[in-house]
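Here are the chains, one letter per residue:
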Amino acid sequence: MPKTAKATEPTRLSVRKTYKLYIGGAFPRSESGRTYVVNGDNVALASRKDARDAVVAARAAQPKWAGATAYNRGQVLYRIAEMIEARRAEFKALGVPGAEVDAAVDRWVWYAGWSDKIAQVAGGANPVAGPFFNISAPEPTGVVAVVAPPTLLGLVSVVAPAVVTGNTVVVLAADPQIAITLAEVLATSDVPGGVVNVLTGRYAETAPWLAAHADVNGLDLTGVEDPDLAVELEKAAAGTLKRVVRPPAGGVDFTADPGLRPMTAFLEIKTVWHPKGY
Amino acid sequence: MFEYAPAPESRSVVDIAPSYGLFIDGSFEQALEGGVFKTVNPASEEVLAEIAAAGQEDVDRAVAAARRAFGPWSALPGSERAKYLFRIARIIQERSRELAVLESLDNGKPIKESRDVDLPLVAAHFFYYAGWADKLAYAGFGPDPRPLGVAGQVIPWNFPLLMLAWKIAPALATGNTVVLKPAETTPLSALFFADVCRQAELPAGVVNIVTGAGDTGAYLVSHPDVNKVAFTGSTEVGREIARAVAGTGKRLTLELGGKAANIVFDDAPIDQAVEGIVNGIFFNQGHVCCAGSRLLVQESIAEELLASLKRRMATLRVGDPLDKNTDIGAINSAAQLARITELSEIGAGEGAERWSPACELPDRGFWFAPTIFTGVTQAHRIAREEIFGPVLSVLTFRTPAEAIEKANNTPYGLSAGIWSEKGSRILSIADKLRAGVVWANTFNKFDPTSPFGGYKESGYGREGGRHGLEAYLA
Chain A
1 MPKTAKATEP TRLSVRKTYK LYIGGAFPRS ESGRTYVVNG DNVALASRKD
51 ARDAVVAARA AQPKWAGATA YNRGQVLYRI AEMIEARRAE FKALGVPGAE
101 VDAAVDRWVW YAGWSDKIAQ VAGGANPVAG PFFNISAPEP TGVVAVVAPP
151 TLLGLVSVVA PAVVTGNTVV VLAADPQIAI TLAEVLATSD VPGGVVNVLT
201 GRYAETAPWL AAHADVNGLD LTGVEDPDLA VELEKAAAGT LKRVVRPPAG
251 GVDFTADPGL RPMTAFLEIK TVWHPKGY
Chain B
1 MFEYAPAPES RSVVDIAPSY GLFIDGSFEQ ALEGGVFKTV NPASEEVLAE
51 IAAAGQEDVD RAVAAARRAF GPWSALPGSE RAKYLFRIAR IIQERSRELA
101 VLESLDNGKP IKESRDVDLP LVAAHFFYYA GWADKLAYAG FGPDPRPLGV
151 AGQVIPWNFP LLMLAWKIAP ALATGNTVVL KPAETTPLSA LFFADVCRQA
201 ELPAGVVNIV TGAGDTGAYL VSHPDVNKVA FTGSTEVGRE IARAVAGTGK
251 RLTLELGGKA ANIVFDDAPI DQAVEGIVNG IFFNQGHVCC AGSRLLVQES
301 IAEELLASLK RRMATLRVGD PLDKNTDIGA INSAAQLARI TELSEIGAGE
351 GAERWSPACE LPDRGFWFAP TIFTGVTQAH RIAREEIFGP VLSVLTFRTP
401 AEAIEKANNT PYGLSAGIWS EKGSRILSIA DKLRAGVVWA NTFNKFDPTS
451 PFGGYKESGY GREGGRHGLE AYLA
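In order, the protein sequence lines correspond to chains A and B. Numbering-wise (our numbering), the first sequence opens with residue 1 and increments by one. Numbering-wise (our numbering), the second sequence opens with residue 1 and increments by one.
The shape of chain A in the complex, shown without the other chains (with noise of 0.2 angstroms):
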């Protein structure tokens, strides 16, 4: 984006933000010491150590965020959504239209409220025929790697279905800008450190880590506009079994209703029986 700020004030000049990556809460350089230019700024350029450090942050986290009350976890998601509000106008700044923060606002704001009612639609009791009482209720898949969409609406329709059912998420940003800002948003937004973890760089040189990395449960590649990066991550995934959110054909509508999918699909279903009686 142009710099707008310098061209309006030449008696000062700006300081600029460096985009880091954010891993564990905190915001680090590549470990590889690398970086690319993004519209003039020098961003990280994650390497596969970053990934590995990553899902070792996203792990740690994971227990602690899902054992989370959904109530509290709500809260958080609420939270992200006022923040992104009070910094509408740094997003607008680097060009993301204000009906998309609009947007982006609302949906962290839908997802909040699905935190203490998902277990409720997706889970339930199961009338067996015999004196059990048989329980079904949704569960986190774990650590779930993302490569996002380029767009802050985009990015943050693929976060936080992941996140708001108890899973934490590593994120491979296509604009990195956009994420690294979000990022910061997530910072300080009561979301602890390790919940979502954002690389910035080339998804074909860090997603294949990722999509094979033993301690990744799932896989999300919405973002991959690639097909024949999206077939070899997929199969990479086979290797241990993940489930993947397979890139849509044609794209995906963000403006519309989400639906339960995008949540469903890293939850897992655990059913307990026990017998009842005296």
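Quick caveat, the hints were computed from the structure, so don't treat them as lab data. Please note that the accuracy of each hint is not assured.
To be verified - Only part of the chain A face toward chain B is listed, based on derived beta-carbon distances under 8 angstroms: (1) Pro-127; (2) Val-128; (3) Ala-129; (4) Thr-271.
All figures in this text were calculated on a predicted structure; none of them were measured in a lab. The beta carbon of each residue, even a glycine, is placed where N, CA and C say it ideally should be.
Chain A is fixed; fit chain B onto it per the hints.
Frame of chain A; chain B shown alone:
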């Protein structure tokens, strides 16, 4: 101990033809390339029938028939599809004795299990999903759920007819059509089911059965005109199928292997727990993906529990599957017997202590005495690999945290068991186990209304219940 008199179930209720073709578009047909294989009774090694081996062109024909049938079948009002499924359920109930005997002959499982467990559940699954056919808009998958198209389904040999019911009933209820491949060693009940479909006057092509080995299954799952793949079987084959399906946009559900922990706490009712342990690992000769094959027993009661378990195991009757007193029937095939034997020898070789009750095995057929290994550690192969036979590995633990850690220390996550009188402990442990089904103070219970399926490398998707519909709806 007194001897039981033999109590054989009559074979006369089943009429097995000398040869069977493929069931394509409503009629039985020979395989185009003329390939055949034999299916044997694992209890006697007697050849039961010659079965057509479907080649690629046969699979093409079956998929084409399913595709032609899909339009009219999916266009039927749900209430009409429901009536076909109700018919099928009723015919299965009426023919249940015949089908139970057939299943025991072809599979080797005890008649009391095929008669009292498998067949009632098969009929119940068709009844359950029949009722969903005209209520799909209420299932929670959107207001206008649509079928996917042609479902290619591959099922294993451990519960041939039950796995068929788990696959076909939800597929038909949701308006999909089916090409199903039963296992090579147990094709007969699927072919009898084809006859049930004819009796029910199910439209031709809605259900097609292609028999054959792994190649036939591979053709089916990779067929370009199949929209949905459902597989139950080993994790190894599941991985291959996931790779084959990658990039095709086909929907996929997998029910794969398991290495379930059956956790017994010091306050468990010992006699009930012993019954549950026996049921958990010796039911269906241990040919159960959710079998409780790792017993985790709290150290303070290990000695007492093992003494009770051995006493109980000594009363298990191994032998003729058609004898109503038989607890443990035949191992399904020579190949499976070889695998069980090999892994058991590895268990002994790695230092675990092996024990079986004195038990006389028949001269012919494939048999394996119920076996337990004590002194097993997590590093032993018998604690890590699925044996799929009547072999139990016993490990001990001291604290609940250690039990959870050991239980979850496997790439599998299908099922688990908890035995304790303390409710709060059961609920807390159940929360922490990474498994799709947790049986507390019971084991190996199934019901059509109850979803079943695994975490981690035990596969994805659920079968049964409302959740089982999701895999067949767009």
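Structure-based check of all given hints:
Using the Cβ-Cβ criterion of 8 angstroms, the hint placing A:Pro-127 at the interface with chain B is satisfied: the shortest such distance is roughly 5 angstroms. At about 4 angstroms, the closest approach between the beta carbon of A:Val-128 and any beta carbon in chain B falls short of 8 angstroms, and the interface hint on this residue holds. Residue-level restraint check for A:Ala-129 holds (minimum Cβ-Cβ distance to chain B is 6 angstroms; threshold 8 angstroms). Interface hint at A:Thr-271: satisfied, since its Cβ lies 5 angstroms from the closest Cβ of chain B, which is below the 8 angstroms cut-off.
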